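A.B. asks: Sequence:
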Amino acid sequence: MIVRHVIGMFLTVDKPVDNLSAEASAQPAIRVQSVTKRYHTRTGEVQVLAGIDVSVAVGEVVALVGPSGCGKSTLLRIVSGLEQADTGEVKLLGLSPLKARRERRFGIAFQSAALLEWRDTAANIALPLELAGWTPADRDRRVAELLARVGLSDAAERLPRQLSGGMQQRVALARALALAPPVLLLDEPFSALDELTREQLQGELLDLLSTIEPKPAVLMVTHNLAEAVLLADRVIVLSRRPARVLAEVTINLPRPRQAELRDDERLHLLVAELRRVLRRDQSDGQAAMVVEI
171 MIVRHVIGMF LTVDKPVDNL SAEASAQPAI RVQSVTKRYH TRTGEVQVLA GIDVSVAVGE
231 VVALVGPSGC GKSTLLRIVS GLEQADTGEV KLLGLSPLKA RRERRFGIAF QSAALLEWRD
291 TAANIALPLE LAGWTPADRD RRVAELLARV GLSDAAERLP RQLSGGMQQR VALARALALA
351 PPVLLLDEPF SALDELTREQ LQGELLDLLS TIEPKPAVLM VTHNLAEAVL LADRVIVLSR
411 RPARVLAEVT INLPRPRQAE LRDDERLHLL VAELRRVLRR DQSDGQAAMV VEI
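Residues 171 to 463, numbered by my numbering, are exactly what the sequence shown covers, in order.
Simulated from the structure, these hints should not be mistaken for laboratory data.
It is possible that part of the hints are untrue.
Unchecked claim - Heads up, simulated EDC-like pairs for lysine to aspartate or glutamate below, C-alpha to C-alpha not over 20 Å straight-line:
hint	residue 1	residue 2
1	Lys269	Glu287
2	Lys269	Glu253
3	Lys261	Asp223
4	Lys385	Asp324
5	Lys385	Glu273
6	Lys269	Asp256
7	Lys269	Glu259
8	Lys261	Glu273
To be verified - What follows is a set of in silico ranges between Cβ atoms, one per label pair, in the way DEER data are often shown:
hint	residue 1	residue 2	range
9	Arg445	Leu286	20 to 28 Å
10	Glu383	Gln332	27 to 35 Å
11	Ala350	Leu431	23 to 31 Å
12	Thr206	His393	30 to 38 Å
13	Arg311	Arg446	43 to 51 Å
14	Ser266	Pro426	18 to 26 Å
15	Gln217	His393	15 to 23 Å
16	Tyr209	Ile382	35 to 43 Å
17	Leu286	Ser361	43 to 51 Å
18	Ser380	Leu439	17 to 25 Å
19	Gly303	Ser266	35 to 43 Å
20	Asp223	Thr381	29 to 37 Å
Since the structure is predicted, the reported quantities are computational estimates derived from the model, not experimental observations.
Beta carbons: idealized from backbone N, C-alpha and C, even for Gly.
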């Protein structure tokens with residue numbers, strides 16, 4: 171049951187889809203329908219996901235939040251094809267996750283940067299381009315562009331062990347964007363960083379998403395409610411396990427956004443509403459809501 175609950179209204183979000191045909195913009199870039207997932211353990215069966223429905227439009231940023239261990243990362247792994255759903259359907263640009271991966275239609279960045287230790291910064295970013303058959307000259311041009319975008323032009327020849335955690339995550343993000351994928355999946359890429367570095371990278375991601383064209387559909391997992399509100403157009407709140415959708419919160423804050431927005435009272439009100447939704451679930455459970463704030 172979906173209950174529409176209007177909390178209030180701020181400014182309207184500008185959806186960056188002007189460069190798309192009406193037909194393309196009408197179709198979600200990511201569509202998750204009735205997805206369930208169970209694991210079999212020595213102590214019995216554990217249901218993680220219980221009929222999840224999520225969609226992400228072209229050019230939209232959607233954040234998944236919920237209690238620790240509720241299945242957020244499991245859902246993202248299913249979307250990426252790294253795991254299989256027990257029931258339900260997942261489509262990326264109309265393709266199955268495995269076909270979308272083969273056709274290099276999405277990029278992904280994880281909690282760990284997962285860089286190849288024997289390759290320097292430029293070579294790590296270039297890896298998807300090599301696998302896609304780009305010529306050396308084209309690779310070099312694209313890598314130089316990406317290095318400049320993430321502020322690592324002077325670190326092109328450094329190995330991963332010579333980079334800070336924040337720099338490693340910049341490399342991972344640049345690698346995920348190397349092929350300008352129409353879909354970008356982010357599994358808590360900033361969670362292992364200290365607070366100041368995390369905030370800096372949040373601001374850099376905002377800048378990236380506001381300037382790259384065409385704009386990708388982004389599905390991200392985060393434990394940080396303020397991060398979800400700052401970065402996303404919509405926030406999907408998942409319940410405790412077995413996860414279901416508790417609420418879908420539309421973030422009606424203007425774009426382009428600046429990192430300074432994290433000090434804005436409007437953001438604090440949105441975070442407080444997300445926290446209330448999660449606390450209600452912890453206490454007694456609730457029907458799903460669509461919330462416009």
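A.B. asks: Work down the list of hints and note, for each, if the structure agrees.
C.D. replies: We went through each hint and held it up to the structure:
1. Lys269 - Glu287: Between Lys269 and Glu287 the Cα gap is close to 29 Å, so the pair fails against 20 Å, i.e. violated.
2. Lys269 - Glu253: It holds: about 14 Å lies between the C-alpha atoms, which stays within 20 Å.
3. Lys261 - Asp223: Within the cut-off at roughly 12 Å; holds.
4. Lys385 - Asp324: 27 Å, violated
5. Lys385 - Glu273: 18 Å, holds
6. Lys269 - Asp256: 18 Å, holds
7. Lys269 - Glu259: Satisfied, since the Cα-Cα distance of roughly 14 Å is no more than 20 Å.
8. Lys261 - Glu273: 13 Å, holds
9. Arg445 - Leu286: 20 to 28 Å: About 39 Å separates the Cβ atoms of Arg445 and Leu286, which means 20 to 28 Å is violated.
10. Glu383 - Gln332: 27 to 35 Å: Given a distance of about 32 Å, which is inside 27 to 35 Å, the answer is holds.
11. Ala350 - Leu431: 23 to 31 Å: Distance hint for Ala350, Leu431 holds at roughly 26 Å.
12. Thr206 - His393: 30 to 38 Å: 23 Å, violated
13. Arg311 - Arg446: 43 to 51 Å: Holds - the Cβ-Cβ distance for Arg311 and Arg446, about 49 Å, lies within 43 to 51 Å.
14. Ser266 - Pro426: 18 to 26 Å: 34 Å, violated
15. Gln217 - His393: 15 to 23 Å: For His393 against Gln217, whose Cβ atoms are near 21 Å apart, the range 15 to 23 Å holds.
16. Tyr209 - Ile382: 35 to 43 Å: 37 Å, holds
17. Leu286 - Ser361: 43 to 51 Å: 22 Å, violated
18. Ser380 - Leu439: 17 to 25 Å: 23 Å, holds
19. Gly303 - Ser266: 35 to 43 Å: 23 Å, violated
20. Asp223 - Thr381: 29 to 37 Å: Holds, since Asp223 and Thr381 (Cβ atoms, about 31 Å apart) stay within the stated range.
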